[in-house]
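S.K.: So the chains spell out like this:
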Amino acid sequence: MTQAEIKLCSLLLQEHFGEIVDKIGTHLIQAGSQPLRMITHDTGMSPDQVKKALCVLIQHNLVTYQLQKRGFVEYEAQCDRVLRILRYPRYIYTAKTLYSDTGELIVEELLLNGKMAMSAVVQKVADRLTETMEDGKTMDYSEVSNTFVRLADTHFIQRCPLVPEASGPSDAPPPPAPTLVVNEMEMYMVPKLNLVGKGKRRHSCDDDGNDEPKTKKQKQDTDSKEPQPDDGIYWHVNIDRFHQHFRDQAIVSAVANRMDQTSSEIVRTMLRMSEVTTSSSAPSTQPLSSNEIFRSLPTGYNISKQVLDQYLTLLADDPLEFVGKHGESGGGMFVINLYKALTSLATATLESVVQERFGSRCARIFRLLLQKKHLEQKQVEDFAMIPAKEAKDMLYKMLSENIVSLQEIPKTPDHAPSRTFYLYTVKTLAFARMLLHRCYKSVANLIERRQYETKENKRLLEKSQRVEAILASMQATGAEEAQLQEIEEMITAPERQQLESLKRNVNKIDASENQVDETIFILESYIDSTVKRI
Amino acid sequence: MAGRGGRGRGRGHMTFNVEAVGIGKGEALPPPTLQPSPLFPPLDYKAVPLQMGEEVDYMLALKQELRGAMKNLPYFIKPVAPKKDVERYSDKYQMSGPIENAIDWNPDWRQLPRELKIRVRKLRKERATVVIPKRKQQLPADKEETIKKLETLEKKEEEVTSEEEEKEGEEEEGKEEEGEEYDEEEYEEETDYIMSYFDNGEDFGADSDDNMDEAIY
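These protein sequence lines map, in sequence, to chains P and F.
The first sequence runs 1 to 534 under this note's numbering.
The second sequence runs 1 to 217 under this note's numbering.
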């Protein structure tokens, strides 16, 4: 784990779970697999705090445990899973686009709570949806269940590993830690629940006249009923499936930008057909025949078979090689080259970075080197049509930033410098890794800056919150305009301006974090797929 | 040494032919760097503006809401509030807020290692270890049952009257009481008040000798 990653993980944990969890999580990331005693000893915190923090981390799938042969339990943190916290808003938004508000809330509840049982999720989501609906209307549990089932069918959520059934003699002492078993067959099977009911409002009049707060009522409910039929079956969000979806989205939009809407629709259809047949790390999808594609096109599209064939040929001939032709049977077999597509996307990102940091001429040299692989100093000047002095200057600037590297090819065995070729080249994997590291650093800096800004204006923020609370309570009890005006004036005009600028800055920083995360996704996907290939 | 006669006169001689790398004869090299680069170097090219649009705004709102929501969930473990400077008399009769060592949410203990389960009364047990063995023999079995019954009745009463926080703490303790001699502690000082309400500062600093199972380093 690089220092930048560890720093970013620490900031994310601190923001979302508090300092205690942050300290313990960061320690685990740095130290690797450790038992409870060592964690307590190394961090110097009280054992109870360590236990609490570990429970929270395990609940959120950030730490896993394993029973070692000698009988003690070791805990290991998953650093990349912690970094995913940055992407939570994107997951929730995707669920919203695919399954509307119900899906959005289901995914949000699962992300906020780590793992949940289906009945609990359905109940909570129905209650939340009922809150937002008009008076008198309630959300039925069955509708929420249906969306849940659809999410499970498309693999966006999956079951957590289970405690194995007690097969041994029941009087044997239970092990110190259960060994959780992943049941491949049942990962997406939804238990048969008979969830009947409707969402409840917080202070709804059709309760039995109780004014008790909802939590208390729920607690009594769950205490009095027998355990739900899906006891012990927990669900969590399947992050890999979301990543697959993002990757498909990126490919489709790339094709749409390069060609036109219709070709992007064709590619989208092909990707959708391959969703279940292709694993996420495969270099290309299964071959699909042109007839199959024609049949699976969305019903709105009235393109004839010949037009589809023309589009497919065009896509296959494109130098970007997103689509490749695999054979002639069935009207032509076509595949989508996932690995090549990811490489192109990552390379486009790298080019764009060079262009924005060093100028368009440097970008020209960069693209030239990508195309020609290895070039001498003289050749670079000639091919790029840039004067020698400038070309030299740019090359050295890029060399100092490690964007391009020198390859020595000796002419003589004694490697004499005057008789050696020096070729410039671009190592995309190394550059991508460097850029990714920089992205992590950027996000960490952004978070720190945001926290600093908020801390600087803490007093002002608290004051404005108090004023809002007073205003709200006064409005509830029915106050006059004049009194409300007076309260509002408690915040002076320069203070208001300060608050405005603070809000603007925090929004900007948050939006930047989201945008950097998109770049992180592309780079990470490219690096992962390259590494797996090797 | 002979080769380094001229200070500042001409460049040094390299082991290879500098023309191959591209430095022509008589050309000035950039000055050597004598200090680390500035913290905020001036940007040659201004950054591209952020993306705009509905999608971006919605995700921004989601992100901020998520952050706010997580701060209020029980998973957010707030550091223990620092003790006040002077021990006040009223501390004895005030509620000690969220019970320090309890978890506010209920994980599925079957899926977690056993060692992670916190015994809430552990600390009180420490102080009472000397007393408990004797008392265990003293109290006959049926007396313990009656005491237990009285305790549960008392608890039921308190459920209705006390605040919600306190009630949650009680229930938490109620659940973890299986197999523990909780009634001993109520009887310790023979008051009418439940001892768990009070935090008279004795457990400050005694946290470190918790958990006798651990090896002592």
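Rather than coming from a laboratory, the hints here were simulated on the basis of the structure.
Source: prediction; values computed, not measured.
There could be a bad hint or two in this list.
In silico DSS-like links for lysine-lysine, alpha-carbon gap of 30 Å or less [said to hold, decoys possible]:
# : chain 1 : residue 1 : chain 2 : residue 2
1 : P       : LYS503    : F       : LYS117
2 : F       : LYS117    : P       : LYS23
3 : P       : LYS389    : F       : LYS46
4 : F       : LYS156    : P       : LYS508
5 : F       : LYS78     : P       : LYS455
6 : P       : LYS23     : F       : LYS71
7 : P       : LYS325    : F       : LYS117
8 : F       : LYS117    : P       : LYS458
9 : F       : LYS71     : P       : LYS7
What follows is a set of in silico ranges between Cβ atoms, one per label pair, in the way DEER data are often shown [to be verified]:
#  : chain 1 : residue 1 : chain 2 : residue 2 : range
10 : P       : GLU462    : F       : TYR58     : 36 to 42 Å
11 : F       : GLU54     : P       : LEU429    : 48 to 54 Å
12 : F       : GLU54     : P       : TYR422    : 47 to 53 Å
13 : F       : TYR58     : P       : GLU131    : 26 to 32 Å
14 : F       : GLN64     : P       : THR428    : 34 to 40 Å
15 : F       : LEU153    : P       : THR64     : 29 to 35 Å
16 : F       : TYR58     : P       : GLY331    : 37 to 43 Å
17 : F       : PRO31     : P       : LEU314    : 29 to 35 Å
All C-beta atoms, glycine included, are put in the ideal place defined by N, C-alpha and C.
S.K.: Holds or violated: LYS23 of chain P with LYS71 of chain F, Cα cutoff 30 Å?
M.R.: This hinted pair holds, its Cα atoms lying about 17 Å apart.
S.K.: Can the suggested window of 26 to 32 Å be confirmed for the beta-carbon pair TYR58 of chain F and GLU131 of chain P?
M.R.: With Cβ atoms ~19 Å apart, the hint is violated.
S.K.: Please verify whether LYS117 of chain F and LYS458 of chain P have alpha carbons no more than 30 Å apart.
M.R.: violated (37 Å)
S.K.: Holds or violated: LYS503 of chain P and LYS117 of chain F, Cα atoms, limit 30 Å.
M.R.: violated (42 Å)
S.K.: Would you say the C-beta atoms of TYR58 of chain F and GLY331 of chain P sit inside 37 to 43 Å of each other?
M.R.: At roughly 42 Å between Cβ atoms, GLY331 of chain P and TYR58 of chain F fall inside 37 to 43 Å, so the hint holds.
S.K.: Within a Cα-Cα threshold of 30 Å, do LYS71 of chain F and LYS7 of chain P meet the stated pairing?
M.R.: OK: LYS71 of chain F and LYS7 of chain P at ~20 Å, within 30 Å.
S.K.: For LYS78 of chain F and LYS455 of chain P, compute the direct alpha-carbon distance and say whether it is at most 30 Å.
M.R.: holds (17 Å)
S.K.: Would you check the hint for LYS156 of chain F and LYS508 of chain P, treating anything up to 30 Å between C-alpha atoms as holding?
M.R.: violated (52 Å)
S.K.: Do the alpha carbons of LYS389 of chain P and LYS46 of chain F lie within 30 Å of each other, as the hint requires?
M.R.: Given that 30 Å is the threshold and the Cα spacing comes to 24 Å, the pair holds.
S.K.: A range of 34 to 40 Å was offered for this pair. Does it hold for the Cβ distance of GLN64 of chain F and THR428 of chain P?
M.R.: Distance hint for GLN64 of chain F, THR428 of chain P holds at roughly 36 Å.
S.K.: Is 29 to 35 Å respected by the C-beta to C-beta distance linking LEU153 of chain F and THR64 of chain P?
M.R.: With Cβ atoms ~44 Å apart, the hint is violated.
S.K.: If you check the beta carbons of GLU54 of chain F and LEU429 of chain P, does the distance land in 48 to 54 Å?
M.R.: violated (36 Å)
The structure fails to meet hints 1, 4, 7, 8, 10, 11, 13, 15 and 17 from the earlier list, while all remaining hints are met.
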